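Undergrad: Each chain, written out:
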Amino acid sequence: MRLLADLFLFTGALFTFLAALGLLRMPDVYNRIQVGTKAATLGALCFFIGIGILHPDWWLKLVVIAGFILLTNPVGSSTIARALYIAGVKPWHVSKQKASRVITAETREGS
Amino acid sequence: MTMLEMAAGLLMALAVLLGLVRLVIGPAAPDRLVAADTLAMITTVALTGFAVWFDSKLYLDVALIYGTLAFVGIVAIARAIEGSYS
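Those sequence lines, one after another, are chains A and B. At position 98 of the first sequence (counting the first as 1) the number is 98 in this note's numbering, and the numbers step up by one without a gap. At position 39 of the second sequence (counting the first as 1) the number is 39 in this note's numbering, and the numbers step up by one without a gap.
One chain only, chain A, in its complex shape:
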């Protein structure tokens, strides 16, 4: 049982870390909103499941926090995205020259 809880805790921490890594690596504000929200929400839920297995008498507060996160995190990220879109932040595009270079590199790798 302890091992199962630890596996859930590790999975949650791993997804949270991947969210932060995507925050650093993604090229655009909109991509960063998406990766930060989705991966961090999944990581938080896995973490709460692990804590609920570790301490079964805390489940009520954990459910409250998880429901709160499920309710507010998408609302917050969509508010940010809407604000940026109204403010006129342009989405990121791969330029045509760069895209053709990527395609030729992939075909060379395949052949």
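Hints are not guaranteed to be accurate.
When the alpha-carbon atoms are kept at most 20 angstroms apart in a straight line, the in silico SDA-like pairs for lysine to any residue are as follows [unchecked claim]:
#1 B:K57 <-> A:I53
#2 A:K38 <-> B:V62
#3 A:K90 <-> B:F50
#4 B:K57 <-> A:H55
#5 B:K57 <-> A:I49
#6 A:K38 <-> B:F54
#7 A:K61 <-> B:F50
#8 B:K57 <-> A:M26
#9 A:K61 <-> B:F54
#10 B:K57 <-> A:W58
#11 B:K57 <-> A:L60
#12 A:K61 <-> B:I81
#13 B:K57 <-> A:W59
#14 A:K61 <-> B:G26
#15 A:K38 <-> B:L20
#16 A:K61 <-> B:Y66
#17 B:K57 <-> A:K38
#18 A:K61 <-> B:L20
#19 A:K61 <-> B:I65
#20 A:K61 <-> B:E82
#21 A:K61 <-> B:R32
#22 B:K57 <-> A:K90
#23 A:K61 <-> B:T43
#24 A:K38 <-> B:L23
#25 A:K90 <-> B:E82
#26 B:K57 <-> A:G67
#27 A:K90 <-> B:A29
Hints are computed from structural coordinates only; laboratory data are not their basis. Note that the structure is predicted; figures quoted are calculated from it, not measured.
Fit chain B to the known structure of chain A by using the hints.
TA: For chain B alone, kept in the frame of chain A given last:
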């Protein structure tokens, strides 16, 4: 504390570091806002982890209140950016 829990704590610390890097080097205000949003999320999860680490139920309340205040602050800054750019 087992090996997996230590690895989880290390990953959370690394996540906070990467979020702080994006918060510092972010080219404009929207990048910093998104980084602050994700950092608030990571902090909420880390506070529940502290509840297990110190074996105290009080940290769960702290995590809940922190999440509420961070959400209100993020929405307020988002509305301010929405008004200021146009």
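Undergrad: A separate judgement is required for each hint: does it hold in the structure or not?
TA: How the hints compare with the structure:
1. B:K57 <-> A:I53: 15 angstroms, holds
2. A:K38 <-> B:V62: Distance of about 23 angstroms is beyond 20 angstroms: violated.
3. A:K90 <-> B:F50: 40 angstroms, violated
4. B:K57 <-> A:H55: This hinted pair holds, its Cα atoms lying about 10 angstroms apart.
5. B:K57 <-> A:I49: 16 angstroms, holds
6. A:K38 <-> B:F54: 28 angstroms, violated
7. A:K61 <-> B:F50: 15 angstroms, holds
8. B:K57 <-> A:M26: 37 angstroms, violated
9. A:K61 <-> B:F54: 17 angstroms, holds
10. B:K57 <-> A:W58: 8 angstroms, holds
11. B:K57 <-> A:L60: Between B:K57 and A:L60 the Cα gap is close to 11 angstroms, so the pair holds against 20 angstroms.
12. A:K61 <-> B:I81: 34 angstroms, violated
13. B:K57 <-> A:W59: 11 angstroms, holds
14. A:K61 <-> B:G26: 35 angstroms, violated
15. A:K38 <-> B:L20: Holds, at about 19 angstroms.
16. A:K61 <-> B:Y66: 14 angstroms, holds
17. B:K57 <-> A:K38: 27 angstroms, violated
18. A:K61 <-> B:L20: This hinted pair is violated, its Cα atoms lying about 29 angstroms apart.
19. A:K61 <-> B:I65: 12 angstroms, holds
20. A:K61 <-> B:E82: 35 angstroms, violated
21. A:K61 <-> B:R32: 31 angstroms, violated
22. B:K57 <-> A:K90: Violated, at about 45 angstroms.
23. A:K61 <-> B:T43: 17 angstroms, holds
24. A:K38 <-> B:L23: 19 angstroms, holds
25. A:K90 <-> B:E82: 14 angstroms, holds
26. B:K57 <-> A:G67: Judged against 20 angstroms, a Cα distance of about 18 angstroms means the pair holds.
27. A:K90 <-> B:A29: 14 angstroms, holds
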